[in-house]
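Peer 1: If you want the building blocks of each chain, they are given just below.
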Amino acid sequence: MIVKDIECVNFRNIKKTRLEFSGTFNIIEGMNAQGKTNLLEALHIFSLGRGFRTRKTDELVRFGEEYFFLRINGKSDTKVEFGIEFGYEKGGKARVSVNGNRLSSLSDMIGIIPTVIFTPGDVELASGPPAGRRLFIDYTGAQISPAFLSDLGEFKRTLKHRNSLLRKISTGGGGIEELGVWNETFVSRGAALTRGRREMLSEIEDAACGIYSRIMPSGEKLGIRYRSSFYEGNDTAEDDLKEALRRVSQAELRRGYSLAGPQYDDIELSLDGASIRRFGSQGRKRLAAIVMKLSQAVVIMQRRAERPVVLLDDIFSELDAGISRKVRELISDRYQSFITSPKKEAFSDIPAGSALFAVENGSFSLRN
Amino acid sequence: MNYELPLLQKLIGHFKKLPGVGEKTAQRLTFAVLDMQGGEVTDFAETLQQVKEKVRFCNRCGNLSEEETCRICNDRSRVKGVLCIVERPSDIYILERSGKYRGGYHVLHGVLSPLDGIGPGELNLSGLKKRVEEEEITELIIATNPSIEGDTTSLFILKMFEGKGVKVTRLARGIPLGSTLEFVDKGTISKALEGREPL
Ligand SMILES: Nc1ncnc2c1ncn2[C@@H]1O[C@H](COP(=O)(O)OP(=O)(O)OP(=O)(O)O)[C@@H](O)[C@H]1O
Ligand SMILES: [Mg+2]
Ligand SMILES: [Zn+2]
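Residue numbers (our numbering), protein chains in the order written: chain R, 9 to 376; chain W, 2 to 200.
Simulated from the structure, these hints should not be mistaken for laboratory data.
Heads up, the beta-carbon is just placed ideally off N, CA and C, and yes, glycines get one too.
It is possible that part of the hints are untrue.
[What the hints assert, rightly or not] Calculated pairs, DSS-like style, for lysine-lysine (alpha carbon to alpha carbon, straight line, at most 25 Å):
id, chain 1, residue 1, chain 2, residue 2
1, W, Lys55, R, Lys101
2, R, Lys176, W, Lys160
3, W, Lys18, R, Lys98
4, W, Lys101, R, Lys168
5, R, Lys101, W, Lys53
6, W, Lys131, R, Lys98
7, W, Lys53, W, Lys101
[Stated by the list, open to error] Simulated restraints, written as ranges between beta carbons of each label pair:
id, chain 1, residue 1, chain 2, residue 2, range
8, R, Lys98, W, Phe58, 53 to 61 Å
9, R, Arg103, W, Thr48, 34 to 42 Å
10, R, Glu132, W, Glu5, 55 to 63 Å
11, R, Gly188, W, Glu140, 22 to 30 Å
12, W, Asn75, R, Ser105, 47 to 55 Å
13, W, Glu5, R, Glu368, 44 to 52 Å
14, W, Val42, R, Ser105, 38 to 46 Å
15, W, Val42, R, Gly72, 46 to 54 Å
16, R, Asp328, W, Gly118, 28 to 36 Å
Pulled out of the complex, with its shape left as it was, chain W reads as follows:
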């Protein structure tokens, strides 16, 4: 005899697909949903749907955005002419938390990785080239992760702009080797931004 409730099991199953959520946590989350007020649940469900529908990549920098262009790109108070190049949108949130950086961003959506079939064509590099020309960029700060792939991508970008009058620096020192930006604390990032070095 099976006493399991199919709907409940289905919700538990959905939660379990989320990173870091195991069977036990998924059960807890499911019971928390059961405890919600009716309106709250509707809002929760609608938000999930809307996030998927409305959040997309900024048409300029590749950051996550609910409009065509993201808030950072639209913020007139941010310093013009400087772009910080990151692997993915989540890196922007980490750098923003340090509060030190006031320029623009550009998201590559990956790094060079032949083993995964990723070459320059798979990265948001043509967008970068266009921006450097159109937005009169004079400095690029590369903040790819300090890995083999991040280093090689950084070299590739350096070569792209060699002799084009753009200062290219690498945000590197101070960030422990092999660590991804996600695990680095605020203080380290501020220091790394100050100590960036020309490539």
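The following block holds chain R by itself, in its conformation from the complex:
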């Protein structure tokens, strides 16, 4: 996938701009707080339908304005040209159209432009709480498979229903009569999601081991494992989840929310068998997180037969020069990428055909 150009109106601090991109490297330079990340966020809208720094789309509207509008034109790897428009009015719903056809729901847009985003906060993938790792796997699956996306949505909705019911029961409001059937729905949807995540993660692991050893030829062996809170892979996931619910049933009725299920699952990252979260150095954690993201790109490419667009938000300043160069090689070999940097001329070895943009106070100018 290649994004050929973007038009932004009233998006964050960007008043109005139209940029034509390189199909390979796009570097966005500028001082702090000028709008570099804002441009990546605009591109990210076309991946998930929202920004990556906020869930509140209202915040993306330029201060003092009532709406924003984004349009991109692009070309798939199979050479199909397309245009997507995204309009949003404060307090309203997003209006998205693809080649002029209005989409009935925002979730229909997910996955059209496969996207992988790298941010300095990614180190949390290796060092932070499990929620971030679940989000990583879910975001990967959502971009690859409509079936996964639908399983995920159904599970989340079931969890909300079930929590709401448990809260009602725990506060004496009744509802025990229908708990049984909600348990059954929870078990079937929870098991489906767990299977989907495990499958996705084993593909990620295959890709990640290869990538890690390319960056660290004589390094440790990277391990990635899905750690289900209830499923060991022996019986069916359904049976195990049913059993797990049975074990926590009394506690759930007291506490008023679900205490078992894939909402407690995690991914374990290890180097030569030792947990990275517990034993890894800061540098190894950062590298493991980057390898996860690079593998996400590979798996998306394999499953979709479409190269994702790669967004890199100022991640190189924190890496060793050697690792930084290898990561950039792995990306520039394959993907169209957008790289922000607060330093001028941060990259001495910019490949031919790249585009360099300078940004100041929301205004962009092409420098080459």
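Given the coordinates of chain R, assemble chain W with the ligands onto it according to the supplied hints.
Peer 2: Only chain W with the ligands this time, still in chain R's reference frame:
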């Protein structure tokens, strides 16, 4: 200076409250009312009022009806012993359009949805239990929407009649996932009725 006519604005306002009607359509409808003959307008207004007064839920199946019991329930030519369970009265109209189904109906008036505070007590389930006993029902076809809520409601009904000698099937396959009955065409419904599966 405001040149708007208050009555006209009021009517436009009423039309705008209807689903799918925006400002422009509301204006068009208002001008169409102005163009009506006197008698026509009176009839229109009276019909609106009467619909609200006289149309209620059938005391047996929960369908919309102008009498105590609806026409489908009163139709002696319909197959006895089979009930199709739907979420709302509008679903009956959709199923009837397929022309394939000749049994009775039962309207739940909703589906289980803890997030909206809807449990079995909020649905027309006690009426269903009574009917199954009194009308000697042998088969229930559940036609709730294929959503999390519709599926769970369907499970609940299945459990209600487990071991009671009632065959419970789910009208499901052939209907695209996530779609509500309203968006499904006639042919798909006929096929789904033929291919209903035991739960
Ligand atoms: N809705 C908005 N309307 C107007 N300006 C906004 C809006 N949201 C953010 N901004 C402004 O955008 C600027 C931040 O832009 P951005 O995050 O892209 O900076 P950056 O160039 O990536 O900087 P850094 O190098 O510090 O990461 C800030 O000045 C902020 O006030
Ligand atoms: Mg930034
Ligand atoms: Zn009736």
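Peer 1: Which numbered hints are broken by the structure, listed smallest first?
Peer 2: Checked against the structure, the hints that fail are numbers 1, 4, 5, 6, 7, 8 and 16, while the rest are satisfied.
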